[in-house]
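Same order as they appear, the protein sequences are chains A and B. Numbering-wise, my numbering comes out as the position in the first sequence, counting from 1, plus 60. Numbering-wise, my numbering comes out as the position in the second sequence, counting from 1, plus 60.
It is possible that some hints are incorrect.
[What the hints assert, rightly or not] Here are the simulated DSS-like pairs of lysine-lysine, each with C-alpha atoms no more than 27 Å apart in a straight line:
(1) B:K377 x A:K81
(2) B:K114 x A:K63
(3) A:K198 x B:K104
(4) B:K236 x A:K198
[As the list claims (entries may be wrong)] Some chain B residues well away from chain A (every beta-carbon gap over 10 Å; in silico):
(5) R82
(6) F119
(7) E143
(8) R195
(9) T207
(10) T284
(11) E334
(12) V350
(13) P361
(14) S402
(15) A411
(16) V436
By construction, these hints were calculated from the structure, which means they are not laboratory data. Idealized CB from N, CA, C, for every residue including glycine.
2 protein chains.
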Amino acid sequence: MSKVAILGFGVVGSGVAEVLKRNGAHIGEKVHGSVELKYILDLKDFPDSPFGEKIVHDFAVIEGDPEVDIVVETIGGARIAKEYTQRALAAGKSVVTSNKELVAKHGYELMELAREHGVSYLYEASVGGGIPIIRPLKQCLAANEITEVCGILNGTTNYILTRMIRAGLSFDAALKEAQQNGYAEADPTADIEGHDACRKICILASLAFGRHIYPEQVPTAGITGVTLSDVAYADSCGRKIKLLGRAIRGEDGRIRAFVEPHLVRGEDPLAGVEDVFNAITVRGNAIGDVMFYGRGAGKLPTASAVVADVMDAARNKDRPKYIDWGPGGEDVTLPPDDVSSSWYVRAEVPADRLRQLLGDVTLLARAGAPGGECAVLTAPMTRGELDRRLSEVETGSVFRVLED
Amino acid sequence: MSKVAILGFGVVGSGVAEVLKRNGAHIGEKVHGSVELKYILDLKDFPDSPFGEKIVHDFAVIEGDPEVDIVVETIGGARIAKEYTQRALAAGKSVVTSNKELVAKHGYELMELAREHGVSYLYEASVGGGIPIIRPLKQCLAANEITEVCGILNGTTNYILTRMIRAGLSFDAALKEAQQNGYAEADPTADIEGHDACRKICILASLAFGRHIYPEQVPTAGITGVTLSDVAYADSCGRKIKLLGRAIRGEDGRIRAFVEPHLVRGEDPLAGVEDVFNAITVRGNAIGDVMFYGRGAGKLPTASAVVADVMDAARNKDRPKYIDWGPGGEDVTLPPDDVSSSWYVRAEVPADRLRQLLGDVTLLARAGAPGGECAVLTAPMTRGELDRRLSEVETGSVFRVLED
Chain A
61 MSKVAILGFG VVGSGVAEVL KRNGAHIGEK VHGSVELKYI LDLKDFPDSP FGEKIVHDFA
121 VIEGDPEVDI VVETIGGARI AKEYTQRALA AGKSVVTSNK ELVAKHGYEL MELAREHGVS
181 YLYEASVGGG IPIIRPLKQC LAANEITEVC GILNGTTNYI LTRMIRAGLS FDAALKEAQQ
241 NGYAEADPTA DIEGHDACRK ICILASLAFG RHIYPEQVPT AGITGVTLSD VAYADSCGRK
301 IKLLGRAIRG EDGRIRAFVE PHLVRGEDPL AGVEDVFNAI TVRGNAIGDV MFYGRGAGKL
361 PTASAVVADV MDAARNKDRP KYIDWGPGGE DVTLPPDDVS SSWYVRAEVP ADRLRQLLGD
421 VTLLARAGAP GGECAVLTAP MTRGELDRRL SEVETGSVFR VLED
Chain B
61 MSKVAILGFG VVGSGVAEVL KRNGAHIGEK VHGSVELKYI LDLKDFPDSP FGEKIVHDFA
121 VIEGDPEVDI VVETIGGARI AKEYTQRALA AGKSVVTSNK ELVAKHGYEL MELAREHGVS
181 YLYEASVGGG IPIIRPLKQC LAANEITEVC GILNGTTNYI LTRMIRAGLS FDAALKEAQQ
241 NGYAEADPTA DIEGHDACRK ICILASLAFG RHIYPEQVPT AGITGVTLSD VAYADSCGRK
301 IKLLGRAIRG EDGRIRAFVE PHLVRGEDPL AGVEDVFNAI TVRGNAIGDV MFYGRGAGKL
361 PTASAVVADV MDAARNKDRP KYIDWGPGGE DVTLPPDDVS SSWYVRAEVP ADRLRQLLGD
421 VTLLARAGAP GGECAVLTAP MTRGELDRRL SEVETGSVFR VLED
């Protein structure tokens with residue numbers, strides 16, 4: 061018998077309440093005991109909600125109720141959510157979260173606190189919405205040395221790029237459409253600038269490689285610089301532009317993590333991931349490439365991942381699960397300066413000049429290109445080498461090409 | 061500290077030995093104790109193998125050695141493998157297997173036996189090679205009522221179909237190529253007739269729906285009837301032919317499971333699964349569709365899934381994991397007779413005649429079609445209805461169309 065409190069009755073929080081109610085019998089059966097929602101913490105009242113009577117306004121009520129053994133944190137952000145998480149763990153309650161910002165910024169210390177108090181801190185819903193990825197990474201790939209994690213981690217930007225590619229919408233028009241459909245927030249900065257994807261690759265990389273990797277260690281570029289001409293050039297060579305978060309372990313054991321738009325081959329499974337879907341590829345030394353695909357966000361998918369964690373916490377009350385990693389540090393990462401790849405370069409210079417500077421390149425063409433515009437794919441080189449060669453050229457777009 | 065015995069030193073068995081050796085330090089660290097290979101049971105000796113000295117010929121040595129707490133069964137088949145599995149479980153040893161035939165045929169009784177003796181029976185490697193699917197199905201999707209499991213479950217047939225589609229090879233030529241590349245066995249019956257896919261959908265469905273579903277409850281058709289003209293007609297309507305294993309839960313709670321070639325829309329993520337890759341889609345009432353993708357077979361991917369299970373067994377020695385299901389029975393399934401869908405029909409009759417019989421159809425065309433040949437997509441109907449309408453027509457191919 062477990063009693064649950066939900067912190068924050070927003071989209072995900074209310075979804076959790078719904079899933080707990082809708083699949084209640086099924087859930088009780090699976091955990092061999094009941095899982096009952098006792099409180100919902102929110103600033104507001106919800107008199108018309110079927111859950112209205114469970115609303116409380118003071119976290120201390122939850123903190124001080126020994127019956128509550130599982131706290132679901134769906135507040136978001138890294139301030140009040142952090143305080144309540146700490147207080148809940150310290151009070152001996154397991155915490156389940158969908159809050160990627162908090163896990164990416166403070167995961168290690170919260171996991172340590174959970175260990176100290178013999179409870180679980182679970183965060184399956186923080187990456188990939190309902191896609192099961194955290195446990196497969198930790199458990200099923202346990203026998204592999206993981207060498208790279210790479211994914212389409214943000215549904216909003218993937219929707220925008222898909223609409224640019226499929227419907228020929230400009231970035232601004234596609235963003236507006238995404239907002240109208242509820243796929244982008246009024247302030248879309250965290251999505252379109254890549255911060256959301258950055259937090260998620262931090263979580264995946266920390267788990268895959270065993271040390272906390274912080275957002276500030278991950279150079280991040282968003283998709284605001286992607287134009288329809290870039291989309292057309294990519295199409296001309298059978299590629300699609302995708303915002304990828306990647307974390308690569310070098311032979312030296314250091315992690316190079318980054319978020320930036322990539323040109324992805326049409327045959328790559330990642331190229332087929334459209335709209336708000338997410339996909340995460342994990343490369344292991346024995347398993348090869350494995351991909352996980354599904355809706356990366358949305359009320360019910362995310363809520364179902366939260367509830368799966370709640371069930372896990374309920375089932376393992378007397379033996380908490382630690383799905384955690386070691387401390388971060390400057391010795392964990394290196395900037396991705398030495399990660400060599402082919403590059404897509406668009407610039408307002410004659411092709412001959414680009415060829416002179418970059419050596420062996422593949423020239424791209426698109427219908428309706430203005431005179432003087434030129435786009436190429438380079439031979440593999442590091443970003444430093446590329447920038448050095450292009451130091452005297454003003455470039456339009458420069459995107460990495462995902463290797464085959 | 062766990063000691064392991066491997067039964068059968070074939071492709072997967074030797075892969076398990078290799079992965080245990082190669083990733084040994086990493087594995088020991090993760091399970092907080094060592095995992096050591098003590099015996100390999102095989103009929104033959106392997107004097108030149110680095111594992112040669114571990115070979116034994118008598119299962120009783122393993123059975124009687126109290127140090128051995130984990131037995132890896134990679135013998136295959138459902139006879140001797142079953143006997144050794146039963147004896148190992150009865151001797152209080154956890155058993156890890158990649159043997160889909162055994163799990164599909166006798167999973168329930170072996171899981172019961174494991175419970176009785178307080179040990180684990182784990183089979184992650186029996187479906188999807190290295191793709192983590194068993195645990196995600198059981199744990200991460202726990203909060204969902206699953207309504208369908210559908211997948212490309214056999215690498216050999218997917219390779220053959222890919223070569224027919226991409227290179228225009230006939231079925232026979234593609235099969236021969238698959239054999240030359242080691243993707244098909246000398247006797248390919250179990251693959252091309254769909255038996256292997258049938259076993260795997262039995263395992264997935266049993267786990268997803270909680271009752272044992274036996275191979276004989278799953279009508280199965282393979283790909284030997286797929287011709288290049290079918291491939292061309294499918295292409296003409298933007299579809300690809302894929303062998304799918306499916307298990308659908310009806311509103312009545314009964315499971316309709318079947319294996320047969322389907323026409324799959326080009327935009328469906330399953331259409332992009334090529335060569336020997338496998339993919340499994342799970343549909344839940346909260347999560348929507350989630351897909352798992354990777355190499356469905358091969359020595360190291362499969363071995364890595366086995367080793368992950370070994371680690372799980374080692375880590376949970378004092379608290380065995382039960383990833384199991386309830387008993388089977390006639391009340392569990394229904395034949396898929398009432399599963400309605402659109403159908404692809406190719407026949408040697410005039411289009412008008414087909415239209416007369418089938419009503420509203422979409423006519424397909426292909427270059428070089430002989431006079432009198434006709435292919436259509438029908439409106440949704442059951443197979444019974446289709447057969448009734450076509451009772452007087454001799455059909456070439458009839459394949460189900462995967463709904464959008």
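To see whether the hints hold, each was checked on the structure:
1. B:K377 x A:K81: This hinted pair is violated, its Cα atoms lying about 35 Å apart.
2. B:K114 x A:K63: violated (51 Å)
3. A:K198 x B:K104: violated (36 Å)
4. B:K236 x A:K198: This hinted pair is violated, its Cα atoms lying about 39 Å apart.
5. R82: It is violated; R82 of chain B is separated from chain A by about 8 Å at its closest Cβ, not greater than 10 Å.
6. F119: holds (25 Å)
7. E143: Holds, since 27 Å exceeds 10 Å.
8. R195: At about 6 Å from chain A, R195 of chain B fails to clear the 10 Å cut-off, so the statement is violated.
9. T207: Non-interface label on T207 of chain B holds, nearest chain A Cβ at 12 Å vs cutoff 10 Å.
10. T284: Since the minimum Cβ distance to chain A is about 27 Å, T284 of chain B lies beyond 10 Å and the statement holds.
11. E334: violated (8 Å)
12. V350: violated (4 Å)
13. P361: violated (5 Å)
14. S402: Non-interface label on S402 of chain B holds, nearest chain A Cβ at 23 Å vs cutoff 10 Å.
15. A411: holds (33 Å)
16. V436: Non-interface label stands for V436 of chain B: nearest chain A Cβ at 28 Å, farther than 10 Å.
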